[in-house]
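**Q** When we follow our numbering, the leftmost residue of the sequence shown carries the number 4, and every step to the right adds one.
Bear in mind the hints are in silico, worked out from the structure with no lab data behind them. Using N, Cα and C, we set each Cβ at its ideal position, and we do this for glycine too. Mixed in with the good hints there might be a few duds.
[To be verified] Below, simulated DSS-like cross-link-like pairs (lysine-lysine); rule was C-alpha separation at most 25 Å, straight line:
hint: 1; residue 1: Lys27; residue 2: Lys77
hint: 2; residue 1: Lys57; residue 2: Lys77
hint: 3; residue 1: Lys27; residue 2: Lys57
[Stated by the list, open to error] Simulated restraints on C-beta separations:
hint: 4; residue 1: Ser8; residue 2: Val93; range: 57 to 63 Å
hint: 5; residue 1: Leu19; residue 2: Ile67; range: 20 to 26 Å
hint: 6; residue 1: Ala81; residue 2: Ser25; range: 14 to 20 Å
hint: 7; residue 1: His94; residue 2: Leu14; range: 46 to 52 Å
hint: 8; residue 1: Glu58; residue 2: Gln34; range: 16 to 22 Å
hint: 9; residue 1: Glu88; residue 2: Pro11; range: 44 to 50 Å
hint: 10; residue 1: Ala76; residue 2: Phe20; range: 27 to 33 Å
hint: 11; residue 1: Asn78; residue 2: Leu14; range: 32 to 38 Å
hint: 12; residue 1: Val87; residue 2: Phe20; range: 36 to 42 Å
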Amino acid sequence: MSIVSLLPIILIGGMLFLMMRSSKNKQQQAQQMRNQMEPGVGIRTIGGMYALVKEVEDAVELEIAPGVHALYAKNAIAQVMDGVEYNRIVHGDDPDAEAEEFEDELSAADSDNEAVTDAEPAVLLDKSDVTEISVEAESGAGDKAASSK
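Take these sequences, add in the hints, and give me the full structure.
**A** Laid out in structure tokens, this is it:
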């Protein structure tokens, strides 16, 4: 046999080896992810359901909704998610939007504080000043009403 006739067999064998190795690595990563599950983390099942892990033993107890628990095999867990991602998907929480809102509130509060500090200081009046102002205001209002007739 010549080397040219063995070349297709070698190529097919090499491709199969690489595919099996890649598949084995993915299985190992999935197993490590499943072994790192702990109560309180959010997960996605292979069926696409999102839930919180309540207990991990041979099977995984999931809280599907508040007070609703179900038992799943570890192999049914497709992804273990961090808290931010789980809340973004399940509850619609957007931490970036919340941070922007917080920054907007802070900048609005800062601008309000600047407006107060830029304003002229308040003048404290004595009781005598207040009575004089109120008498002047009353007499001025009467004069305006009389002059308009």
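**Q** Taking the hints in turn, state whether each one holds.
**A** Checked hints:
1. Lys27 - Lys77: Answer holds: lysine 27 to lysine 77 is near 18 Å, not above 25 Å.
2. Lys57 - Lys77: holds (13 Å)
3. Lys27 - Lys57: Measuring from Cα to Cα gives roughly 29 Å; hence the hint is violated.
4. Ser8 - Val93: 57 to 63 Å: holds (58 Å)
5. Leu19 - Ile67: 20 to 26 Å: With a Cβ separation near 41 Å, leucine 19 and isoleucine 67 fall outside 20 to 26 Å, so the hint is violated.
6. Ala81 - Ser25: 14 to 20 Å: Given range 14 to 20 Å: holds, Cβ gap about 18 Å.
7. His94 - Leu14: 46 to 52 Å: holds (51 Å)
8. Glu58 - Gln34: 16 to 22 Å: holds (19 Å)
9. Glu88 - Pro11: 44 to 50 Å: Since glutamate 88 and proline 11 have Cβ atoms about 45 Å apart, the given range 44 to 50 Å holds.
10. Ala76 - Phe20: 27 to 33 Å: With a Cβ separation near 30 Å, alanine 76 and phenylalanine 20 satisfy 27 to 33 Å, so the hint holds.
11. Asn78 - Leu14: 32 to 38 Å: holds (34 Å)
12. Val87 - Phe20: 36 to 42 Å: Because 39 Å falls inside the window, the suggested range holds.
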